[in-house]
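Chemist: As you go down the protein sequences, you meet chains U and V in turn.
First residue of the first sequence: 144, per our numbering; consecutive thereafter.
First residue of the second sequence: 144, per our numbering; consecutive thereafter.
Hints should not be assumed to be uniformly reliable.
A pair counts as met if it fits within one copy or between any two copies, since identical chains are not told apart.
[Claimed, not checked] Distance condition first, Cα-Cα at most 20 Å in a straight line; then the derived EDC-like pairs of lysine to aspartate or glutamate:
1) LYS416 <-> ASP380
2) LYS411 <-> ASP380
3) LYS464 <-> ASP204
4) LYS362 <-> ASP479
5) LYS163 <-> GLU293
6) LYS525 <-> ASP313
7) LYS291 <-> GLU251
8) LYS239 <-> ASP332
9) LYS312 <-> ASP380
10) LYS163 <-> ASP332
11) LYS410 <-> GLU520
12) LYS261 <-> GLU550
Source of the hints: derived by calculation from the structure; they are not laboratory data.
For clarity, every value in this text was computed on a predicted model and none was experimentally measured.
2 protein chains.
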Amino acid sequence: MRSVKVGIAGLGTVGSGTVKVLCENAAEIARRVGCPIEVAHIGARSNRLGCETGQIKISQDIFDLLQNQDLNIFVELIGGTTTAREWVLAALATGKPVVTANKALIAEHGSELLAKAKTHKTYVLFEAAVAGGIPIIKTLREGLAANKIEWIAGIINGTGNFILSEMLKDREFSEVLIEAQSLGYAEADPTFDVEGTDAAHKLTILAAIAFGMPLSFDKVYTEGISRLSSLDLLYADTLGFRIKHLGLACRTAEGVELRVHPTLIPKKNLLAKVDGVMNAVMVKGNALGPSLYYGAGAGSLATASAVVADIVDLARAVVSKGAYRIPFLAYEHLSDVPVLPITRVRSAYYLRVQVQEQPGVLAHVAQVLSGFEISIEAILQKSVHSQTGLVSIIILTQPVLESDLNEAIRKIEALAETGAPVIRIRVETLSE
Amino acid sequence: MRSVKVGIAGLGTVGSGTVKVLCENAAEIARRVGCPIEVAHIGARSNRLGCETGQIKISQDIFDLLQNQDLNIFVELIGGTTTAREWVLAALATGKPVVTANKALIAEHGSELLAKAKTHKTYVLFEAAVAGGIPIIKTLREGLAANKIEWIAGIINGTGNFILSEMLKDREFSEVLIEAQSLGYAEADPTFDVEGTDAAHKLTILAAIAFGMPLSFDKVYTEGISRLSSLDLLYADTLGFRIKHLGLACRTAEGVELRVHPTLIPKKNLLAKVDGVMNAVMVKGNALGPSLYYGAGAGSLATASAVVADIVDLARAVVSKGAYRIPFLAYEHLSDVPVLPITRVRSAYYLRVQVQEQPGVLAHVAQVLSGFEISIEAILQKSVHSQTGLVSIIILTQPVLESDLNEAIRKIEALAETGAPVIRIRVETLSE
């Protein structure tokens, strides 16, 4: 087969992101699937984000896509629960699978859509509906399939988490909301986010997948964050807790709890350390125990990552004609990319040089480093060590080629004042 | 089909855990797959952990399992790279899939095993080989398939991470190692763990899946933690860093870096906050950005969680006769478990009661709570608020039924001294 053809309805934030990811990562994705995935048809009334669509066929009416028999997979990215629902039902009726990012649609109409898919022997996939690009649906459905899931605790709305992170700095809700809106983290009407409805949609879906229960959006107890005071965040901190807007799904002997509300959680728990707009879902399974999944819960490319992961799953099934075949090492064709020897790695370093305490010694060491064009990020000098009588000079360097650093270290160790081998530990900022 | 039959070689820590998980979670797993998964045959020379095997057929010779034509899936849990390799090759030659937890086997002989599987049109799955029960292999292979993976940074050896977490408390390596050994976190010969070989095996596998490159264990630069001093952890802390034993796989323009070594990472990065024996893998994808996957990297049931996840994947394929069909909500049969109304939820609470500053008011409030049998975990009294003239009494309760708490709050609000509505926020410890 020459390519797997995708039809995308909607060119908003997520639609544009999806087109972008499929184009920019086309080669890598084709290497994984065994054949290219092609955006063959887009349905959108406008392209206000200016997405690059090249030669892709565009229809004003999204229902035109459903007439295009060349398409293998349909993707719903228009949002909302009226036209989106009609379109998805009609798409499933063609017998082809649908991928969506629409949490409200799945939470409120999922049962109907899944029944339709079953009737037509096809699929609805919705990884992107919860926690952005974090593959939490797949994790609950497959990765944790060995467990009886006991509970889920999720920071699944970035707007609320950003606001609470800022309120901890002794700022009030209304002031932070304005900042969130200006940064694009909150809508003009922020109700859905701050009152918890968005989180409730997502929790509904998580609970259905984790517990094997029907989608029960109407049964989720929902309480927002708009009435919290920074005083309570401060007092909670005094008591050893952070306040987070959590979605909680818990299995108890009496039944399932589904609730979204502000919650104090211990500061030492990893979930409490998730700040800003990031999402995180903690899951307790009776075999694995607690595990946590953290990443960007929103954003054009982050959400597209989840949409395209579902597309890849379907494409792999299409390519293997229904049988599910994933290449062992995840790629159909392995690249013979060279593995660099350690001497060719560029890294920043922590160095601890132990020297006799003499005037000018720090300058000597700095001179050696500058001779190799090694820039210094920071230097500390520590007092004389009681046992060795040596002073420690701590240096943080900027990134440097390992082979250059090795030579610089040899020269430092050769200095008369140096009394012990140089201790070196690599530094990673993990930010890009 | 009446059941999917599994043959397990090895009844050690992971083998026993796997049998236990498949038995204890049998009903939940059957509900997910659509038919039971049965441990039909075990191969083990001994059962020194005293695993409950009921009526399961046990052979002393693991090669007997390969003669049993009733089995659908083979599971290798004996470890090591000699007999395990022979057995896996012979198992694949029967045309049936193999699940393993054996990182050394995959890292060192994976290419051969995968080629054998391909020849016989079957599978080798190895989720349990890396990061225990965290489904990181599936995440890289499927959940993040939309991304070009830029780098992976993993805390993938719990022994080393436990030791470094303890050394941060001004303890030396050798002293902590002894404690780790007594707690069962380190082997009698700890070399594999502390010198980084175990992490290198795992990194090899992660990189192959993430970058679509051959398994390249011999090219991983490996450096252990045994020469670190607690002084360096302290100085790194001063500079704003934690030292972790990381496995790093990075794509650069010149090639791929594969390295395991002690590394300074910024304290504010979530990876730096992972302590003790837990594992965590951070992945940077060019669409999603950074994401993190955290959980138990070792342990009988935790590792079994990953083994059984692979078994479930294969069982789903067996049951749907090669076509890959996952039920939409992850379960073939949905349970109609009741959703509890919020009044029936038991939770601990943070309460802020604002009262006029009068003698005995705290006692009044405490009396109301004890009248409802609500136990108090902590009480703080805060000074008079400048604007309201009221004093805040902060109370942390033990778990209480929401309906009881509602009544208690009504009574507190009815007290003469109470000057504002009671603020209440639920508390979750997330520890069990």
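Chemist: Checking an output row: LYS411 and ASP380, CA cutoff 20 Å. Within, between, both or neither?
Modeler: both (11 Å within a copy, 18 Å between copies)
Chemist: When Cα atoms must be at most 20 Å apart, do LYS163 and GLU293 count as within-copy, between-copy, both, or neither?
Modeler: between (38 Å within a copy, 17 Å between copies)
Chemist: Pop the pair LYS312 and ASP380 into one bin, within, between, both or neither, using alpha-carbon distances up to 20 Å.
Modeler: within (11 Å within a copy, 23 Å between copies)
Chemist: At most 20 Å between CA atoms: does that hold for LYS163 and ASP332 within a copy, between copies, both, or neither?
Modeler: neither (28 Å within a copy, 51 Å between copies)
Chemist: Checking an output row: LYS525 and ASP313, CA cutoff 20 Å. Within, between, both or neither?
Modeler: Between copies, since 16 Å is at most 20 Å while 36 Å is not.
Chemist: From the Cα coordinates, with 20 Å as the cut-off, is the pair LYS362 and ASP479 best called within, between, both, or neither?
Modeler: between (53 Å within a copy, 13 Å between copies)
Chemist: State whether the alpha carbon distance between LYS291 and GLU251 is at most 20 Å within one copy, between copies, both, or neither.
Modeler: Cα proximity of LYS291 and GLU251: none, with 25 Å in one copy and 34 Å across.
Chemist: Between the shortest in-copy and the shortest cross-copy C-alpha distance, which are at most 20 Å for LYS239 and ASP332: within, between, both, or neither?
Modeler: Intra 36 Å, inter 56 Å, cutoff 20 Å: neither.
Chemist: Quick one: LYS416 to ASP380, C-alpha cut-off 20 Å, is that within a copy, between copies, both, or neither?
Modeler: For LYS416 and ASP380, both the intra-copy (12 Å) and inter-copy (18 Å) Cα distances are at most 20 Å.
Chemist: At 20 Å max between alpha carbons, let me know whether LYS410 reaches GLU520 within a copy, between copies, both or neither.
Modeler: between (31 Å within a copy, 17 Å between copies)
Chemist: With identical chains treated as interchangeable, where does the CA-CA distance between LYS464 and ASP204 reach 20 Å or less: within a copy, between copies, both, or neither?
Modeler: Neither. Shortest intra-copy (30 Å) and inter-copy (39 Å) distances fail the 20 Å Cα cut-off.
Chemist: My question is about LYS261 and GLU550: at a cut-off of 20 Å on alpha-carbon distance, are they close within one copy, between copies, both, or neither?
Modeler: neither (66 Å within a copy, 47 Å between copies)
Hint compliance for this structure: hints 3, 7, 8, 10, 12 are not met, and every other hint is.
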